[in-house]
Amino acid sequence: SQKIEQNSEALNIQEGKTATLTCNYTNYSPAYLQWYRQDPGRGPVFLLLIRENEKEKRKERLKVTFDTTLKQSLFHITASQPADSATYLCALDALYSSASKIIFGSGTRLSIRP
Amino acid sequence: GAGVSQSPSNKVTEKGKDVELRCDPISGHTALYWYRQSLGQGLEFLIYFQGNSAPDKSGLPSDRFSAERTGGSVSTLTIQRTQQEDSAVYLCASRSGNTRSDTQYFGPGTRLTVL
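Protein chains in written order, with this note's numbering: chain D, 1 to 114; chain R, 115 to 229.
FYI, nobody ran anything at the bench for these hints, they're computed from the structure.
Treat the hints loosely; a few may be bogus.
[Stated by the list, open to error] Using 20 Å as the maximum straight-line C-alpha spacing, the simulated SDA-like pairs for lysine to any residue come out as follows:
1. D/Lys17 / R/Lys171
2. D/Lys101 / R/Val203
3. D/Lys101 / R/Thr144
4. D/Lys101 / R/Ser152
5. D/Lys57 / D/Phe46
6. D/Lys63 / R/Gly154
7. D/Lys101 / R/Asp216
8. D/Lys101 / R/Lys171
9. D/Lys55 / R/Gln155
10. D/Lys59 / R/Leu174
11. D/Lys101 / R/Ser176
12. R/Lys125 / D/Lys71
13. D/Lys3 / R/Gln155
14. D/Lys71 / D/Leu48
15. D/Lys63 / D/Asn24
16. D/Lys101 / R/Lys131
17. D/Lys101 / R/Asn166
18. D/Lys3 / R/Tyr219
19. D/Lys59 / R/Ser172
20. D/Lys59 / R/Tyr219
21. D/Lys101 / R/Arg214
22. D/Lys101 / R/Glu158
23. D/Lys59 / R/Val203
24. D/Lys101 / R/Ala116
25. D/Lys101 / R/Lys125
26. D/Lys3 / R/Gly154
27. D/Lys57 / D/Thr78
28. R/Lys125 / D/Asn24
29. D/Lys101 / R/Gln197
30. D/Lys3 / R/Thr144
31. D/Lys101 / R/Val133
32. R/Lys131 / R/Ser210
33. D/Lys101 / R/Gln155
34. D/Lys57 / R/Ser215
[Said to hold, decoys possible] Restraint ranges, calculated between C-beta atoms of paired labels, are given here:
35. R/Gln155 / D/Ala31: 21 to 29 Å
36. D/Ala10 / R/Ser141: 35 to 43 Å
37. R/Ser121 / D/Glu52: 20 to 28 Å
38. R/Ser215 / D/Gly41: 44 to 52 Å
39. D/Ala31 / R/Ser141: 35 to 43 Å
For glycine and all other residues, C-beta sits at the position ideal for the given N, C-alpha and C.
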């Protein structure tokens, strides 16, 4: 069956370190993959999109990689800050899927301690 | 400009009652999605509207769920004869165009509790 998996356990990182979150998928051939941030009581907020022909994408302290051979995306936050504490969701669109469906992972909760 | 808004923010209802959840998308956005998010779970796709096209209802979990979008703007998600397993946060998102990679903008959600 088709699955998208993220670290189910919370990730606790010391401020200033790099946080790395993982998104693995099976039985998809995604055209692109997105990362969102979700704070408690709020809807997700889009952060980055990476396409299948891109290896890496950066935005300020954020970096996303996409390995279609490993079927994995890594999301990095460098020089992490307590304000980066949130749940991070990956989402992918699969080639040949229905015109609308984007599949979300269950998210990884990230805590940055001062 | 204003983002996506949803109402009510919280809804508590008794099992068996009907509920209506409302979504006001960003003005001019032609695409609108409804998702459901249960505790500790990812977003579960429910239904998608794009312009005047027939909606994609493939994610609706049962025939108790329905949604409509009037005038290409406001959308209402209706759950009839609510069950306890319907308790979740219902999120609405809108998107400006018909390209799937365009950013979805989410509302704050409606937290539904069925007693």
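Hints, verified against the model:
1. D/Lys17 / R/Lys171: Violated, because 43 Å separates the two Cα atoms, which is more than 20 Å.
2. D/Lys101 / R/Val203: holds, 19 Å
3. D/Lys101 / R/Thr144: holds, 16 Å
4. D/Lys101 / R/Ser152: Within the cut-off at roughly 18 Å; holds.
5. D/Lys57 / D/Phe46: holds, 14 Å
6. D/Lys63 / R/Gly154: With a Cα-Cα distance of about 25 Å, the restraint between lysine 63 of chain D and glycine 154 of chain R is violated, given a limit of 20 Å.
7. D/Lys101 / R/Asp216: holds, 13 Å
8. D/Lys101 / R/Lys171: Distance of about 10 Å is within 20 Å: holds.
9. D/Lys55 / R/Gln155: Not satisfied, since the Cα-Cα distance of roughly 28 Å exceeds 20 Å.
10. D/Lys59 / R/Leu174: At roughly 35 Å apart (the allowed maximum being 20 Å), leucine 174 of chain R and lysine 59 of chain D break the hint.
11. D/Lys101 / R/Ser176: holds, 18 Å
12. R/Lys125 / D/Lys71: violated, 39 Å
13. D/Lys3 / R/Gln155: Within the cut-off at roughly 13 Å; holds.
14. D/Lys71 / D/Leu48: At roughly 18 Å apart (the allowed maximum being 20 Å), leucine 48 of chain D and lysine 71 of chain D satisfy the hint.
15. D/Lys63 / D/Asn24: At roughly 16 Å apart (the allowed maximum being 20 Å), asparagine 24 of chain D and lysine 63 of chain D satisfy the hint.
16. D/Lys101 / R/Lys131: Violated: lysine 101 of chain D and lysine 131 of chain R sit about 29 Å apart, past 20 Å.
17. D/Lys101 / R/Asn166: holds, 18 Å
18. D/Lys3 / R/Tyr219: The hint is violated at about 24 Å.
19. D/Lys59 / R/Ser172: violated, 34 Å
20. D/Lys59 / R/Tyr219: The given pair, whose Cα atoms are some 19 Å apart, holds under the 20 Å limit.
21. D/Lys101 / R/Arg214: At roughly 9 Å apart (the allowed maximum being 20 Å), arginine 214 of chain R and lysine 101 of chain D satisfy the hint.
22. D/Lys101 / R/Glu158: holds, 10 Å
23. D/Lys59 / R/Val203: It is violated: about 30 Å lies between the C-alpha atoms, which goes past 20 Å.
24. D/Lys101 / R/Ala116: violated, 25 Å
25. D/Lys101 / R/Lys125: Cα-Cα ~27 Å, so violated.
26. D/Lys3 / R/Gly154: holds, 16 Å
27. D/Lys57 / D/Thr78: holds, 14 Å
28. R/Lys125 / D/Asn24: violated, 35 Å
29. D/Lys101 / R/Gln197: violated, 25 Å
30. D/Lys3 / R/Thr144: violated, 29 Å
31. D/Lys101 / R/Val133: violated, 25 Å
32. R/Lys131 / R/Ser210: This hinted pair is violated, its Cα atoms lying about 34 Å apart.
33. D/Lys101 / R/Gln155: With Cα atoms ~17 Å apart, lysine 101 of chain D and glutamine 155 of chain R stay inside 20 Å; holds.
34. D/Lys57 / R/Ser215: holds, 15 Å
35. R/Gln155 / D/Ala31: 21 to 29 Å: Given about 24 Å between the Cβ atoms, the range holds.
36. D/Ala10 / R/Ser141: 35 to 43 Å: Holds, since alanine 10 of chain D and serine 141 of chain R (Cβ atoms, about 37 Å apart) stay within the stated range.
37. R/Ser121 / D/Glu52: 20 to 28 Å: violated, 38 Å
38. R/Ser215 / D/Gly41: 44 to 52 Å: For glycine 41 of chain D against serine 215 of chain R, whose Cβ atoms are near 27 Å apart, the range 44 to 52 Å is violated.
39. D/Ala31 / R/Ser141: 35 to 43 Å: violated, 28 Å
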